[in-house]
Every structure is written in C-alpha cells, then in structure tokens.
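Fit chain to chain and form the complex, with the hints in mind.
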Amino acid sequence: MVISGFLLGFCPWATEDQPSKESLESMLKISSFVDGFRNTGAVLAMLCLVLLSNCGCSPSESASTTKVRTLKNVSYDPTRELYDEFNKVFAEHWQSTHNEVIEFAQSHGGSGKQARAVIEGLDADVVSLALSGDIDAIAEKTSALASTWQKNFPNNSSPYTSTIVFLVRQGNPKGIKDWADLTRDGIEVITPNPKTGGGARWNYLAAWGYALSSQLGDLSKLKDANESDSVAKATQYAKEFIAKLYSNVPILDTSARAATNTFVQRQIGDVLITWENEAYLALRESADAQVELVIPSISILAEPPVAVVDQYAQAHGNTELAKAYVDYLYSDEGQRIVAKHFYRPRRSEVVPAETMQRFAEVKLFELTDIVSDWREAQETHFKDRSGVFDQVYSSKAQ
Amino acid sequence: MSSTEGFSHESRDPKWVQFLLIGLTLGFVFLLLILPLGVIFWEAFRKGIKTYALALSDRNAQSAIALTLLATAISVPVNMFFGLAAAWATTKYSFRGKSLLISIIDLPFAISPVIAGLMLILLYGIHGWFGSTLQSFGLQVIFAVPGVVLATMFVTVPFVARELIPVMQEQGSEQEWAAVSLGASGWQTFVKVTLPNIRWALLYGVLLCSARAMGEFGAVSVVSSNIRGLTNTLPLQIDALYNDYNAPAAFALSSILASLSILTLIAKSWLEARIDYRSKDKEELL
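Taken in order, these protein sequences are the chains called X and S.
With the numbering used here applied, the first sequence covers 1 to 398.
With the numbering used here applied, the second sequence covers 1 to 286.
There's no promise every hint is true.
Claimed, not checked - If you want the footprint, here are the derived chain X segments under chain S, 3+ residues with CB under 8 angstroms: (1) 72-80; (2) 99-109; (3) 303-311.
Since the hints were derived computationally from the structure, they do not count as laboratory data.
Note that the structure is a prediction, hence the values are computed from the model and not measured.
Beta carbons: idealized from backbone N, C-alpha and C, even for Gly.
Bound-form chain S, shown alone (with noise of 0.2 angstroms):
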C-alpha cells in the first residue's frame, strides 16, 4: 500500500528536500517529544531501581494510582455512551435547538478547569444546592471521591462526541436505511452498520478521552481535599511529592504517569493495525 502513496511524491522532490524534511520532522519530534519524556525516565532511575521501587510502593502512591484509575475507567465508559447516544441524537434526527445543544456539549472544553471545580462545589458543596441535602444521607461528594470522578467526568464530557459528531453528519443514514430495508432490526444496524462506520472516530474519542481523564489536574485539584492515601490523584500526587522536594519519587509517578499515556498509544496501534490486517484479508478473499 506504501508503494503507491509513496511513488508520486517520491519521483517529483529533489532528494535533498525529503531530507530537510524529514530531518526537521524527527528534530522536532525528538526536542518537543522524546527528550522532555525521556529526561522523566532517567530523572525517575537516577538515583537507583531502589528508589524507584520504593517510591512505588508507598501507600500513596498506590493509592493515587488506584483512583485516577477509578476515575477514568468511570468517566471513559459513561462518556463513551453519553457520547453515542448524543451524535446518534445529533445527527439522525432533526429538532429544534439541536446546533444549541452541539455547542452546549463543547462547554467543558471553553471553561478553565479550575471553574468546573468551583461549579461542583457550589452544587455539591455544603453550602450549595443538593449539598446539604446529600450530606444528610451521609454522602460527601465534595472533598472526597465522588467529587474527583465527577470533576473528571466534567471535563472529558465532549471528547467522544466530538470525535462522532462530524464522522456521523457525513455519513448520513443512508446506509442504515438500506440495513432496515433489508429487515435489519435496530440493533443490528447499528452494530453492522453504523459502528463499523464510526469505529475510528469512537476509538479517537475514547483514547483522547482516557488520556485526559488520566491527566487532569486542575477541576480535581480544586475539588480533592489534598489527602494522600484517599482523594489525591496521580497528576495531585506528583505535584504534592514535587513540593516535598521528593524529585525522585514524583519523577517515578510521573514515568508511571507516561507510560499509561503510553500504553494507550500502543493499544490504539495494536488495534488499528489488527483490523486494518482483518479486513485487508477479507478484501483479498473477496
């Protein structure tokens, strides 16, 4: 498949052009990308895999490892299907206010995190709507877990939406008229149909979405009441152990911290390369 991409561009610029740029290509990538991560990593192994080890093994650091997985793996699921049902909703049928609720669905990309903190703790905060009332059940959502899922949630609300929307719009529901006509029932056209179609954008979004779920700081920093072992994420960890000229210890989150962004990127690669091999062998059996 590369030959062909690869022939017209090839044939037409001088040689020393596909070095400039390729050279400024990798440069770029190696100053802006590879070196800042990879200075995380030797500043984490500097002092030793003792260190690193130990650092691992504090309780806190466990523990913050612990919710920032809680909170993605909440936020993800509830975002990708708040995500599908919104650009099916946007997209295959018409009402009034639709463009209204497209841009609404964007806002936690316009406001600073730091305000989507202080929104949920005048809802949720003692002196805030539904606070009281939730504390008489005994349920603290502020200042304690549920505030920082929440927050979490907050801020990843667009990322698959906006990755369905335009991929959906473009579509149109021709294909999903043609699957009914041929008696397809709901459900399997979208399956058959509709999620073959959108399944890059959807996986976008849902990768975008976990990354940011991981790593942001500033909505739960506001929320999170800062103690360590119970309300600190990884990103509030790293900063707390920063702070407490623990260098060692926050560099070894931090590589923690990347190599889950990191682990993210190869399972997007290793997916995307297992369905582009599947459906290249169906097309050659066809």
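For reference, chain X alone in the conformation it holds in the complex (with noise of 0.2 angstroms):
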C-alpha cells in the first residue's frame, strides 16, 4: 500500500512540471527524458497492481466467519511430504471438532538449522526435529521450553522412528551387502556431512555402532566394566572403520535431502547411506533413477522427536492447539499416516498390515546402547576438533 502511493505520488511531478518544461526546452536541449521517465513510473506502478491483486488473493482476507487460528510447525527436510498430509487431515479434524480453522505455517530445512532458527527467535509452536540433541539446544540457550521437554510425550516425544538404509544403483553392481563393504577400496558412499546434517548424524552413528558390534558381538558389553579392554580394541577399531568410511565419501553435503539429490539426480557415487523413510521416497519418486534398497544386518533405532514450544505456543495462545497437533500424531489416524509416508510407527497394530510389510525386519540397537545420551554423542563424536568425526576426517585431507 505504502509503495503504490509512494509511486503514485511520483509520476504526478512529472505531469505538473510540463508546461515550464515547453519554455525551457530549446533553450537547454532538453531531451524527453521526464516523459520516459514517466513511462518507468508506470511499468513500476504496474508491478505493483499485480502484487497487490495477488494479495487480494491471499486466504487471510478471504476467510468466512469461523475463526482462523495458524500453527507454526518447524521441521525438517525429509518430513514435507509427511506433514503436507498430516496437517490437511489434522486441520479438517479439528474443525469438525473445533469449529475452528487452522492454517499451517510449516518450514523445512537441515534439522540443526531449524534449531539455530528457533534460538534466534523464529517463533514455531511446534518443533518436528531429526534428533533430541536439537531441540535440547533449544531448551539449553532459551527459555522456550523446559529441559524436560522429552517426557511430555510418550515414547521419548517420538510418534515415529525410522532406521538407516543403503541405496545402491540397479541390481547392485558392486555387491554392497552390509556396512563392511562401505569401507572396500573403489567403493564410493554418499553420506552427508555429520555435523551440519541431523540424519548424517544417525548415519554416522549407525556406522559406528555397526562397528562395536562386529567386534564386541554384544553392545551391551560396552556398559560393562569387566570387558574394558576388548571395549577399547572395539572403541580403536571403530574409529579406524569411520576413517576408512569416510576417506571414501566424494562429497560431504549439508543436508540429508542433498545427499539423495547427489546420489539419485546426479548420478554420484555407489551407494547412498540414508533414512529408510528418504530411501523409499526416493524409489517412489524418481521411478526411472534405477536405484534399489539394500537393508543392512543392523542399523540405529532413529527417534526424530516432536515438542511444543511452550513460550511461542503460550504467546500465541495456542498451547492446547499444538498440544492437541501432537497428540494427534500419536492417534490411529496419525499413525497411518506417518506409516503411508513410510515412517515406522510406534503403535503398528493399529496400521493396515500391508503397510506394515514394508517396513524390513531389522536388527536395530538404540542410541543409548552406544552413547548415554546425544550430549554424550555430541561431546566425543562431532564436536569441533577435538571429535572423533573431525579427528578422523581431518587427518584424511592431510
């Protein structure tokens, strides 16, 4: 609005100034430049009735009588297709339940971006991360939400989990099987870097796991202080297993999503570490990449969490809304969904069989079988530095 009256009031000197103009122009040789610059007036002016005519359009404006309510959700990349669906079926049932309407404000990007987004004040009502250890960042620089976000949910504030899988290229050319041939020589793995991308980070720990229990036979052995020495052999091989993995990644990309466009749009690479959830939408959608699944014989259980923001949800005034969005994740009808966008679900009896028969039998340990928690996880693995991940990585490039 400013902008058009701004620009109306601009082409009118234009105008007003002629008649001085008709006596001053031979004089000075004056060129038409005012006229022409009246005709820019009008191009810019025009801009501006096609940008105001498409806020016309806007949905705000063109609301009916019943209430409009937005919730911000903030998440990550590979959820989009996920919550496109989830939060049309939400919407539609809280307005038969509320008589309220609810738009979605719902952004996605790298989970620990998210993160730094909402720290610095991006004001989500919900936050839908790839790790806990990213919304405990938020819980630990503000006062968004309490420390103890996690057990305001069930299942660790998880409604899904998801698993780390291999994509290889069609009929697998290179007999990849399990993780050990990820460390063969010529083998090159798409993976993206751990300590910008939230699923990297599974990816790298479900590596790292691999690598304990092909030496210990038995994670549980890691918490047990008689097996200390064969822990730290294990411990020893395991880094060399990640620096040999890792000394075969071509490209570290910054998020799980431009890892797959690597791997399946420019054809990089032999195998692409992953989601399960990435992997079988990366099959679905690009039907002609010729890429096939291979399951590896153990991964990571991967819990992407879900919490309210309280102090954005409370500000505004939506703290029973998100709360309701949440819980509805956990509903029947919410976990069918979360299974269609191939999400494991935390309560598979309600799901059609068949949806479930997607989902491989797999041999998954927990984060907490390796690492007592994401601080932990953060601390020895992908700090700056002095990390195992930037040890092992560094010393490569040198």
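If you want it as structure tokens, here you go:
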C-alpha cells in the first residue's frame, strides 16, 4: 500500500512540470527524459498492481466467519510430504471438533539449521526435528521450552521412528550388502556431513554401532566394567572403520535431501546412506533413477522427536492446539499417515498389515546402547576439532 | 546512423573475419545464454500446459511471486532515491571522508550475501541488539517478511549509486551552474539538467537493482524461515520444490522468474527506443 501511494505520488511531479518544460526546452536542449521517466513509473506501478492483486487472493482475507488460527511447525527436510498430508488431515479433524480453521505455517530445512533459527527467535509452536539433541539445544540456549520436554509425550516424544539403510545402483553392481562393504577400496559412499545434518549423525552413529557390535558381538558389553579391554580395542577398531568409511566419501553434502539429490539426480557414488523413509521416497519419486534398496544386517533406531515450544505456543494462545496437534500424531489416523510416508509407526497394531509389510525386519540398536545421550554423542563424536569425526576426517585431508 | 558506423570497419576487415566474429558471438550467446534459458522453458512445459498451470495456481507459488515483487517494489525505489542522494552528495559537494563513503557504499558487493543475512540476525534476531526491543512492540523482523525485504535492500544498495557516481563525476557541475545562473530553481535544475544527463546510468542502475532484488538467494535464505506461502521468495520456493522431487513445478516457477528478468530487459529496450526516437525527432526539428 505504502509503495503504490509512493509511486502514485511519484508520477504527478512529472506532469506538473510540463508547462514550464515547454519554455525551457529549446534553450537547454532537454530530451524527453521526463516522459521516459514517467513510463518507468508506470511500469513500476503496474508491477505494484500485480502485486496487490496477488495479495488480494491470500486466504487470510477471504476467510469466512469461522475463526482462523495459525500453527507454526518447524521441521527438518525429509518430513515435507508427511506433514503436507498430516496437516490437512489434522485441520479437518480440528474443524469438525472445534469449528476453527487451522492454517499451517510449515517450515523445512536442515535439522540443525532449524534449531538454530528457533534459538534466534523463529516463533515455532511445534518443532519436529531429526534428533533430540537439536531440541535440547533450544531448551539449553533459550527459555522457550523446559529441559524435560522429552517426557511430555509418550515414547521419548517420538511418535514415529526410522532407521538407516542403503540405496545402491540397479542390480547392485558393486555387491554392497552390509556396512563392511562401504569401507572397501574403490567404493564411493554418499552421506551428508554429520556436523551439519541430523540424518547424517544417525548415519554416522549407525556405522559406529555396527563397527562396535562386529567386534563385541553384544553391545551391552559397552556398559560392562569387566570388558573394558575389549571395549577399548573395539573403540579403536570403530575409529579406524569410520576413518576408512569417510575416506570413501567424495562429497559431504549439508543435508540428507541434498545427499539424496547427489546420488539420485546427479548419479554420483555407488551407495547412499540415508533414512529409511528418504530411501523409499526416492524409490517412489524417481522410478527412472534405477536405484534399489539394501538393508544392512544391523542399524540404529532413529527417533525423530516432536515438541511443543511452550513459550511461543503460549504467546500465540496455541498451547492447547499445539498439544492436540502432537497428540494427533499418536492417534490411529496419525499413525496410519506416518506409516504411509515410510516412517515406522509406534503403534503398528493400528496400521494395516500390508502397509507394515514394507518395513523390513532389521536388527536395531538404540542410541543409548552406544552412548549415554545426545550430549555425549555430540562431545565425543561431533565436537569441533576434538570430536572423533573431525579427527579422522581431518587426518584424511592431510 | 548505422551506415556511418558500419562503413569504417566493413571496408577494412576481410569477409572471413566478419563471419568468424559474428559466428563466434552467435555461438557463444546461443550456448551460454539462449540454450540454458530455452531448456528452462522447455522443461517447464514438458509435462504439458496443465501441469504448468497447476504449478502456478498453487497458493504457495503465488505467494512466493508476490513476496518477490514486494521485496523488489520496496527495495528498488528506496535504493533509487538513496543512490541519487549518495551520488549527488559525493559528486557535487566536497567533504572529509568522501572517498571512504564511496567505498563503503560498495560493501554489499564485497560481502558475501550469507554474511549479510547473518549480520541481520545479529542485529534483529531475538538475541540481537534491537531484536528484543522490536519484539516487545510485537514486530518480528528476522524469519518474517521485513527480514526478507531488509536483506534484499542490503544486497542491492550499491547498484544505482555505483552507476551514477562515475557519470556525475565526469559531467561536473558546469551545466547546473549555467542553469542556476539563468534563474532555474534547485528543483528545476535537477529535473531539467541533471536528470537528463544521468538518465541512462539511472535506468541501468534501476534495472540491475531490480534484477538482483528478484534473484537474490543467499541473504534471503538466511533470514527467511523457509515457510512456504509466507516467507519463501521465488528463488527459495524454486529451490524447495526442486528438493521435493517436484521438478516440473520448480521449472515452471523458474520460467516465471526468467520471464520477469526478460520483461525488465524488454522494458529497458522499449524505453531506450522511445527516448532515442523522440530525441532524434527533436534534433531533426531543430
């Protein structure tokens, strides 16, 4: 509005000046710049009209008498398709039970980047990120939600889980079957940078867990004081394993979706380590990409958590709505949608058997089997310079 | 006019040199400009006009177009007036630190857009210098539309001023002095003498400024919260769609962004032609 007024005010001066222009023109040999200039003004004014007409069709103005509320969900990359559908279904559910229209402000990006944005003031009602470490960071650096947030909802506040699998080229020409194959010479592995991507950290920890379990047999030995010798040996082996694996990585993308694009669209690499849901999505969305799925012998149980950001939800008057939204993820309907988008539901009994068939049987270990919590994982593995990843990756660079 | 220009070279250069140079230029332009642009339009329409229309009728796509135009419509006029003021101040007056000021205007050229975005977060983010004050008035800058507009303005600051300063420096102020001594007022002098002299530079500056404003990705992506339909500009929306495996929609929007740029080019040529034609008319009349 301000701009169009500004522009309208801009054109008239050219017109007003015209009479005096006639008299001076011949003397000073003035070109018709003023006229040309008015045209520029007209073009800009037209742009403005297009703009305003566009604004006119925004839904907030055309809303009917029912109350419209906005819920802001800040999420990570691979959940786009999931929340696209879930938001629609939840909005219908809420309208039928509360007679209110819900509009969603849905944001997607790398998990770490999204957490950073909330810390810097992005006023999310709900955060649904790749790992609890990222939500911990929000709780730690702001007062937006309590540090006990993970207790607010069942199953560590993770309504769905996933795991880490491989995508290989059609026919599996390099014969990749398990984690050990990723460290062979001449294999190009695509996985994102664990320092910037949430999924990438799960990839890294899944490989770490495999390396430990291949030496120890049973991961429970890690917590057994009598086994400290073999644990130390296995840890040394795991470091070498990680170093070898990441020396096979030609490109460290910043996020899981970027790595998928590198592998599927740009056709770089022999194997992609990625989320199970991301792998299935890639299989479905790019049928002509000629890739196939490989399930490793063992992998990690990835728990992407969801939390209500109390401070912002309260400020928006959305506390109850945000809680209902997260609760609905655990409902029968929510769990079916989750499974449809290739996330493993927590309550598989409410999901049709034929949907459940797509999830391969795989031996899963939990994050807490290999580290005590995300804070420790961060300190030991991903910290700048002193973390295992930086040590093995920088030694590779040298 | 072309007859006199063409005469001198055509007579000297052998035919094969002419063909070689023309062919080289055409080939280069085709390979590096026309072909990639053409591919965008081809990809956009490959899945049929229906897919194209569907991609454009999407609410989020329209809001991305609207936000891009809004950011452009605010930053271009503001930077045009700032550019005029800055060029006037630095070429017509002499003061201490003038050359430093001119260098500072260039800063956005030198600074990476990502850093520009981070600077805005440091200033207007909730932990930033002004962020909490603004927040208490209920004004969210970062991760909202004002942040996107601010980032666009930052990266486009130098365009107009940079085009104007050399031209105005070269021209000096004799003509203005003449106008003033003939009794013209300050405003008249500006409109009748200064503006006609700098019109090309100004037009170029404005066009470069709007092209950059529409295309800006880096700085905007830092301060945008990536919320579709709210804070995604066209370039961000295109990136998001491409990452969604939605290549047809991404190319459809790319074709819109490219069309906007082509429209500015056409507007420029049209204006050029009109102004040329009129001034020629007048010269003939004299």
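Quick rundown of the hints versus the structure:
Check result for the segment 72-80 of chain X against chain S: holds, 4 residues qualifying (beta carbon to beta carbon below 8 angstroms, three or more required). A stretch counts as covered by a chain when three or more of its residues have a beta carbon under 8 angstroms from one of that chain; for the segment 99-109 of chain X and chain S the count is 5, and the coverage holds. With 0 residues bearing a CB less than 8 angstroms from a CB of chain S, the segment 303-311 of chain X misses the requirement of three and the coverage assertion fails.
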